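Student: What follows is the residue order along each chain.
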Amino acid sequence: MTWGWVASLFVCLGSVCPCLAQQDDLLQILGDELQRNYTTLQQKADPKPYYLSYTVTDRQVTVLDASLGSIRIQNPQRQRTFDVSIRVGDAQLDNYHRVQGARGQFTSGSGIVWEDNRDAIVRTLWRDTDRAYRAAAERLNLIRSNSEVRVADKDTSPDFTMLPPETDVQPLATAALGYGWDVKLKKWSAAFRGHEAILTSNMTLSLAVDNRYFIDSAGTKLRHGRSFVRLDVAGQAKAGDGMNLMLVRGVQGEKEGELPADAVVEKLVQDLIQDLETLQRSPTADPFVGPAILSGRAAAVFFHEIFGHRMEGHRQKDEREGQTFTSQVGQQILPTFLSVISDPTVHKQGSQDLMGWYAYDDEGVRARPVTLVENGTLRNFLLSRSPIEGFPVSNGHGRKAPGNEVVSRQSNLLIRASQTMTDAQLREALLAEVKKQGKPYGLFFADISGGLTATGRAGLQAFTVIPLVVYRVFADGRPDQMIRGVDIVGTPLTSFAKIMAASDKPEVFNGICGAESGSVPVSAVSPALLVSEIETQRRAKADDRPPLLPFPRSVGGTR
Amino acid sequence: MHSSDGMPTKSPAVPNTPTTEPQTRRLAKTGMCSGNAATRQVAASCFAKLSLSLALACTTVLSQTASPVKPAAPKPTGAPTTSSAKAPATGGNIPADVRQDVALRAMVDELSRSRDLISAGAPLYFANYHYSKGDSFRVSASLGALVGKGEAPMRVPVVNVRVGNYDNDDTNFVASGMYQGTAYNAGLFPLDDNYDAMRRNWWLLTDMRYKGAVQSFNYKRAAQQNVQATAANPDFQKHMPLRLFEPLQVPQFDKAKWEKTVRSLSLEFKRYPVILDSSVHFGYSRGTEYIVNSEGSLVRRPFGIGYLRVTASTLAKDSSAIWDSLEYLAMREQDLPSEEAIRRDLDAMMQRMVAKITAPVEENYRGPVLFEGQAASQLVAQLIGRQLWIPRKPVMIPNRPVNWPRTEMEGRVGMTVISDKLTVRDDPTLTTFEKHPLIGHATVDLEAVKPEPLTLIRNGKLETLFRTRTPVNAGEQTNGRARLPGLFGANRGAPTNLIVESSDVIAEGSMKQALMDVTKAAGRPYGIVVRKLDFPTSASTDTIRRLNSTSATNAGKVRVSPPVVAYRVYPDGREELIHGVNFRELELRALRDVIAASNQMHVFHYLENGAVFAQMGTGNYVAECSVIAPSLLLEEVELEPVSGDKPTAPVVEPPALSAAK
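Chains as they are written, first to last, in the numbering used here: chain P, 1 to 559; chain U, 1 to 661.
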């Protein structure tokens, strides 16, 4: 399996709602229909269900996009999605049991009406419950008959954990965009005018308000929500040798008021323009093996990809997975000065917003911090309600996008260092290491867009992250030189062994992580890291030439 | 498998489908709108006179001698809403407001630069820009509650370029249209007609298209190297430039009114709780269409289409699915039926569905079938309308032949293909038929050619087909029916207003008696009357799946949708509703034996998108079509029960609805 992490939030999310008419209580409607279906299925169905849950995700998204001083997208949208999870058999062996890595898909993520109209909603709930039950019963039969001819799984832990019910009905999350954003976006995006090397550019403001309703047959009843607003700026250029160059930078908050001041955004835009134009003229990278500093943001992506995905509980149980860390609990896997915590309860790192927080996961389990690595030693995994050997209870990391089935996922991945140095000291340490290794230069990875990792057993246990802005830091004191076309490559275990030091400034990388259970918002926070050896390769580049005709300069008055 | 690339928006290689646009925006991109079209066809008059200054317009093949691109006078933001084709003032025959249209000017200015795209051996000889600018709206409700609502602006740019020459270019080759280069994020256009931004987008889109065309052309020539040349048949036909500027009367729809209507209609289903699933949808798509090409064509015209659709399904006593739908299409709000009329249709539909729950499943049947009312027009649309076009067989890669299906009409020009009583015409000039507004009215096709009325089948004999500027056989000229994008760089034909007339008619009211007579004469216990087909534009997913799977195994044959409203008609005139049947091998030849045709014509509208499942809103392009036909009594049609396993009944009873108000 390969997982990606997309840095920006241009994913066209759902929608924005003009009205939230409360005609009936949605939780009540869900609860009544769940009870009616569950009771009858228990009485009459064979095989019987032992667990049933309903989730409604009400997502309203407003996207405002501008380019070169003009608005291009102005779309409020709304989606209200119903998901059902039904388990037949028993907690030890049910329809969700993985068979040679294959997972069941039972929910179809139907749209439901925007208003809490009982008649219209219960019809959908009933129809989807019937559909999911049929699929569940069919798959359980298949699993049972297959088990007669297959060897037993190595991990014999059950398929599900029953938990005591939780009740928490929080106020609905609300947020809206005030007036004047279109004017600002036009102004900011107009800064790209006249920069002919930047072929396309855009500024996108997106506001998402996400309210989740969860009911299950054990009596859990939850309503919780969140909002987030994000402003991204992106530019695309092409180097003379055909290499495509793309930079994306963003800022975010929970509400629009938390976005930075205009001057900060303007600087963000100017910096991006400058970096992209410099990058376009920069020399290409040569393959390199040697010391490097990963900026905090770069290190955060590095950890998300090479570490975070391998901490996801279901991978430890799935015999098709590489299971890099499965048997290493209690052993040292990182330098002793590093600890790693997954904490979906924190909303901020300093003044910066984190995207990976939530009150409850998508299986109705309360969010909680989990120490994955303590002073270099592996302690725990990210767990959903599907337990793994030695870890029988969920720690609130069962997540999914609407329409998908839950697996264990990351939230806010926090890399903490107990011994740190300043950025200047870290740079000195890099130069010392460069000289020690007899290299002409080391690398500084300033900005990174995202990456992908393959965790499957069948493929190479490797990862790729996509650095955007990389500098050569010369041993002889020459000024740093920006280079383009660098990809970091490597395998997880060897990379960890090379971490030498950490800075004292944690940096945040927010993104949308795509994996088996869909796209979920995540964050990773890390100090800059010095590594004694990193391996880079030349990025595969496009071979088509830059545009053949010159930039279309308008003659005279243009508008 | 997933991957990440940090790209802020994923712009597809084909530039006309910005990913952030909802499906509804893609409806009716090629709206062929009615209105008092002020059509002006100008032979070879020259752009150079105009401030638009498309100097290349005079040349059919782009020359290397570039003319300076002069700017037009700056204009205030916002294009004029109406245009007078009689306002030449300055600048020749182009109305002032057209000359000042910034969107058009950006197209003309950037297209005129494409002459400079000359690569070794693969010069660009033709370029065409198509731009749709407008907005769309949709609202859906179920049992009185909103299921969804949204509106979005729509800006759809499409660039076509051709390299080589008219005789042999990059198209009509199995790898035509493939592009492996950089996908610039240039498909999203500014909403405010920002000239510079539009120029930049057209520039990048043209660059991508040109590079793709050069790749295809080189590949094609390599493939042609080892293949014996067949009869010379040009890849593309040169055509006189068309100037068409219609008043920009973009249709208006009352969104609030329709939202209320949709909610209110959807509430009707509460009266029939046994209908388990239902929804009502309204939507429209409207705007301005622009075409500019390097031959000098300039088109600006409004388009618009609105629809109201009702879909409902439930389970029969035997748990098989029952489905029905209503669909109304119109180019203007006032042409949609009144709410009262829709309510009457809806009530009839609901009663039919309830009756079907206990109706018998039809057994195998072979005998006379009366296609009555819209069922006849639907049959004609599928058996004739969708087959009057033949795709050009592309150049293949040697040793890698592609299975190229033959279509029913192929090689049959001059032959009798249907009953000699029937004549089939296609008339794009009609805006109404016996006071019924038509949606097939068209004044220009995608290739900037004005469609003229045609007789396709005269007295049963096939005379011609829908043609585009890509001739299927040497010597054929376009008849302006390039209404949808086709395969390998060609466009495909589709009807406008398709009219079937019979030389021998009887009263509409006598058609059922005629069916009873032939049934009796043949000694059959009953005949069948079909009043509605599950037409693909609004069909159930079951039907679409079936049509899809059958078309995959019956290459080249268009399948007819199953009847959704059909009755047994007994000799005493009694009718019995049936369900769960499908036509068995109903093909064009069934129209050879027409026992009777009625004196009344029935109008049916649909949106053609070229796909088997030509469902509303699924394609990038749609062509509005109206079919007008009499009721038809066919001598022999076969019906068979729908195959497939029936599901077991749900364990849990459906939930009760609250009391109807």
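Please keep in mind that the hints were generated in silico from the structure rather than gathered at the bench. These numbers come from a predicted model, not from an experiment. Be aware that one or more of the hints could be misleading.
[Said to hold, decoys possible] Think about it this way: if two alpha-carbon atoms lie no more than 35 Å apart in a straight line, the pair counts; the simulated DSBU-like pairs of lysine-lysine are:
#	chain 1	residue 1	chain 2	residue 2
1	P	Lys435	P	Lys348
2	P	Lys184	P	Lys255
3	P	Lys186	U	Lys257
4	P	Lys221	U	Lys270
[What the hints assert, rightly or not] Which chain P residues face chain U? A few, computed with CB under 7 Å, are given here:
#	residue
5	Asn37
6	Val122
7	Leu199
8	Ala542
9	Pro552
[What the hints assert, rightly or not] Some but not every residue of chain U turned toward chain P, in silico, with C-beta under 8 Å:
#	residue
10	Leu117
11	Ala152
12	Leu191
13	Leu204
14	Lys270
All C-beta atoms, glycine included, are put in the ideal place defined by N, C-alpha and C.
Student: Against chain P, run the beta carbon of U:Leu117 and see if the smallest gap drops under 8 Å.
Tutor: holds, 6 Å
Student: With the threshold set at 35 Å, check whether the alpha-carbon distance from P:Lys184 to P:Lys255 stays at or below it.
Tutor: holds, 17 Å
Student: Grab the minimum C-beta distance from P:Asn37 to chain U and call the hint holds if it beats 7 Å, violated otherwise.
Tutor: Holds. Min distance 5 Å.
Student: Closer than 7 Å between Cβ atoms is the bar; does P:Pro552 clear it against chain U? Give me holds or violated.
Tutor: holds, 4 Å
Student: Let me know if the C-beta of U:Ala152 comes in closer than 8 Å to any C-beta of chain P, holds or violated.
Tutor: Result: holds, 5 Å to nearest chain P Cβ.
Student: Would the pair P:Lys435 and P:Lys348 pass a check requiring their Cα atoms to be no farther apart than 35 Å?
Tutor: Answer violated: P:Lys435 to P:Lys348 is near 39 Å, above 35 Å.
Student: Using the nearest Cβ pair, does P:Val122 come within less than 7 Å of chain U?
Tutor: OK, holds: P:Val122 within 7 Å of chain U, min 4 Å.
Student: Below or equal to 35 Å on CA atoms is what counts here, so check P:Lys221 against U:Lys270.
Tutor: holds, 30 Å
Student: Can P:Ala542 be said to touch chain U, with a Cβ gap under 7 Å?
Tutor: holds, 5 Å
Student: Close enough to count: is the Cβ of U:Leu191 nearer than 8 Å to one in chain P?
Tutor: Hint holds; U:Leu191 Cβ to chain P Cβ min 5 Å, cut 8 Å.
Student: If you take the shortest Cβ to Cβ gap from U:Lys270 to chain P, is it below 8 Å?
Tutor: holds, 7 Å
Student: Is the interface hint satisfied for U:Leu204? The criterion is a beta-carbon contact with chain P at less than 8 Å.
Tutor: For U:Leu204, the interface hint holds, since the closest Cβ of chain P sits about 6 Å away, which is under 8 Å.
Hint compliance for this structure: hint 1 is the single one not met.
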